[in-house]
Amino acid sequence: MVGVGFRREFAGEMISGEHIRPDFIEFAPENWMNIGGYWKKVLHQVVEKYPVLCHGLSLSIGSPEELNREFLQYIKTFLNEYKVQLYSEHLSYSKCDNAHMYDLLPIPFRMDAVKHISTRIQQVQDYLQRPLVMEIVSYYTPVAAEMSEVDFIKEVVKQSGCQLLLDVNNIYVNAFNHQYDAKAFIQQLPLNKVAYIHMAGHEQVAPDLIIDTHGEPIIDPVYDLFEWTLQHLQPVPVLLERDFNIPEMAELQGELSRLKSICHKQWKLKDELVA
Amino acid sequence: MNLLPDTYHIQQTFSAYCRTGESVTLPGVAPDRLKHYRRLVFNMINDTMEGAFPIAFKNIPARKWNRMVKDFFSHHACQSYQVWKLPLEFYTYAVEHNWEDEYQLPYLNDLLAFEWAEMEVYNMEDITADAYTLTGDWLDTPLVLNPEHRLLSFSYPVHLLAKPKELLRSKGVYFVLLYRHPETGNVEFTDLSPWLAFLTEQLVLGITVRDILDYAPQLNITETDTLEQDTLDFLKHMQQQHFVLGFQS
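These protein sequences, in sequence, are chains A and B.
Taken in order, the first sequence gives residues 1 to 275; the numbers are from this note's numbering.
Taken in order, the second sequence gives residues 1001 to 1249; the numbers are from this note's numbering.
These aren't lab readings, by the way, just hints derived from the structure by calculation.
There could be a bad hint or two in this list.
[What the hints assert, rightly or not] Ranges of calculated distance between the beta carbons of each label pair, as one might list FRET restraints: (1) B:N1098 <-> A:E48: 44 to 50 Å; (2) A:E48 <-> B:R1067: 43 to 49 Å; (3) B:S1080 <-> A:G215: 21 to 27 Å; (4) B:P1182 <-> A:Y127: 43 to 49 Å; (5) A:I246 <-> B:T1133: 54 to 60 Å.
[Said to hold, decoys possible] If you want the footprint, here are the derived chain A segments under chain B, 3+ residues with CB under 8 Å: (6) 105–112; (7) 158–165.
[What the hints assert, rightly or not] Cβ-to-Cβ under 10 Å is the rule here; a few derived chain B residues that face chain A: (8) S1023; (9) V1029; (10) L1034; (11) Y1037; (12) Q1079; (13) S1080; (14) Y1081; (15) I1127; (16) A1129; (17) K1163; (18) G1185; (19) T1190; (20) S1193; (21) P1194; (22) Q1202.
Quantities reported herein were computed from a predicted structural model and do not represent experimental measurements.
Where a beta carbon is used, it is the ideal one built from N, C-alpha and C, also for glycine.
Same shape as in the complex, but just chain A (with noise of 0.2 Å):
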């Protein structure tokens, strides 16, 4: 399965589905939730159409405070209401001191910030009564580490139980920006605990740096590591995140069909590898 991020820029597309035809869709029900009008009436015709995945942004994983309640019921009656088949999160933090921040800031790599985030993961996952699917955030900088990237998301895997959301963009980014091996890094994960990938651009704005910007095409090196990586997963869904510069329709096609292009040639041998 290969699906796309649902947007507002091209709800009418998806809803006709004569220039994009993915095989589900992905939304934030931050996004989402607590809407009327005619976004909740194009919801429902979305929804009606495709299967759904959920990917978070306000749950804040890594805060140092309590998780909120309130937020997690809401979450809770979202996702049961529009039957999400999966619901994914970042591994990183947008709240502290009481204040949202809106991005994806950076954990630091430390033993106890694994154990306090597997913990929350825990509560969430037994509040919400589903697995929780972690994605491996791009980062920009460490901040104060005590282990490796790398360690550090095998223990939170270990301790916490959760899933991954393997973002091959973003080990591409982060292999870039600190300088290691990304095929080496994605060797070391847990990779049976891989249940979602996404994919999507980037943007080179120094000599060493790339942000995470999902505004442009993916490029080539990153389809190269995507297929790369196929080869060592089984089959799980894959999507094509584009959040700026929306491009024509049949270029986005374009890229969910070489997305899918690649899926079926890696893991249809692998099956008949298996077989």
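Given chain A's structure and the hints, the job is docking chain B onto it.
Relative to the frame of chain A, chain B by itself:
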């Protein structure tokens, strides 16, 4: 909580930097990389406010606008986990901190209130109207109004005029009704006289038009010859506009 105080403090310092842009030293953090977090976070807040308050953004000099957004984000702990609701906090912050005087923009509160109301009414959760019929007695049957509305009062006609100089010359008492069209979902707004604003407010409470008309002399409305007919004409017009839905059944 499993976090050690040191880790907690590092996270606080990092996020405080994102909010204020005031330089910090954090172990292992490259300053030239850190600045991108401030840029990305601040741009998100600024873009949200620009999108929510397009007229204010256009009218207010860029330096003032920038100072407002920085002030707000640095000192206010944003509470909404839905970013589209954040402009309400910006508006509230402006009122609480008397920005009208501080920035010498006497119409600012009215303008922010109007622009936020448009966004709020457009996005607000659906509200089911009371049961109604399409025919009834305009004077004696309580009317059912479209519940997806806001009635606002202003000192400056921000719903009618855009140019700051014109606004400043037009200080007075203004009322505006915003409502969401049940079919298109678009937000419509209409300027109301003080009488029609009073009428609308009372109709919401379920009071009949006749009882409201009886109250007119107490509002110092002395020229009542055409008041009833004008009032009914307005209500019939608003029925065509899908604000008056019908008669209580």
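We went through each hint and held it up to the structure:
no.: 1; hint: B:N1098 <-> A:E48: 44 to 50 Å; in the structure: 49 Å, holds
no.: 2; hint: A:E48 <-> B:R1067: 43 to 49 Å; in the structure: 47 Å, holds
no.: 3; hint: B:S1080 <-> A:G215: 21 to 27 Å; in the structure: 25 Å, holds
no.: 4; hint: B:P1182 <-> A:Y127: 43 to 49 Å; in the structure: 36 Å, violated
no.: 5; hint: A:I246 <-> B:T1133: 54 to 60 Å; in the structure: 46 Å, violated
no.: 6; hint: 105–112; in the structure: holds (count 6)
no.: 7; hint: 158–165; in the structure: violated (count 0)
no.: 8; hint: S1023; in the structure: 14 Å, violated
no.: 9; hint: V1029; in the structure: 5 Å, holds
no.: 10; hint: L1034; in the structure: 6 Å, holds
no.: 11; hint: Y1037; in the structure: 7 Å, holds
no.: 12; hint: Q1079; in the structure: 7 Å, holds
no.: 13; hint: S1080; in the structure: 7 Å, holds
no.: 14; hint: Y1081; in the structure: 4 Å, holds
no.: 15; hint: I1127; in the structure: 8 Å, holds
no.: 16; hint: A1129; in the structure: 13 Å, violated
no.: 17; hint: K1163; in the structure: 30 Å, violated
no.: 18; hint: G1185; in the structure: 3 Å, holds
no.: 19; hint: T1190; in the structure: 18 Å, violated
no.: 20; hint: S1193; in the structure: 28 Å, violated
no.: 21; hint: P1194; in the structure: 29 Å, violated
no.: 22; hint: Q1202; in the structure: 26 Å, violated
Taken one by one, the earlier hints fail for this structure at numbers 4, 5, 7, 8, 16, 17, 19, 20, 21 and 22, listed in ascending order.
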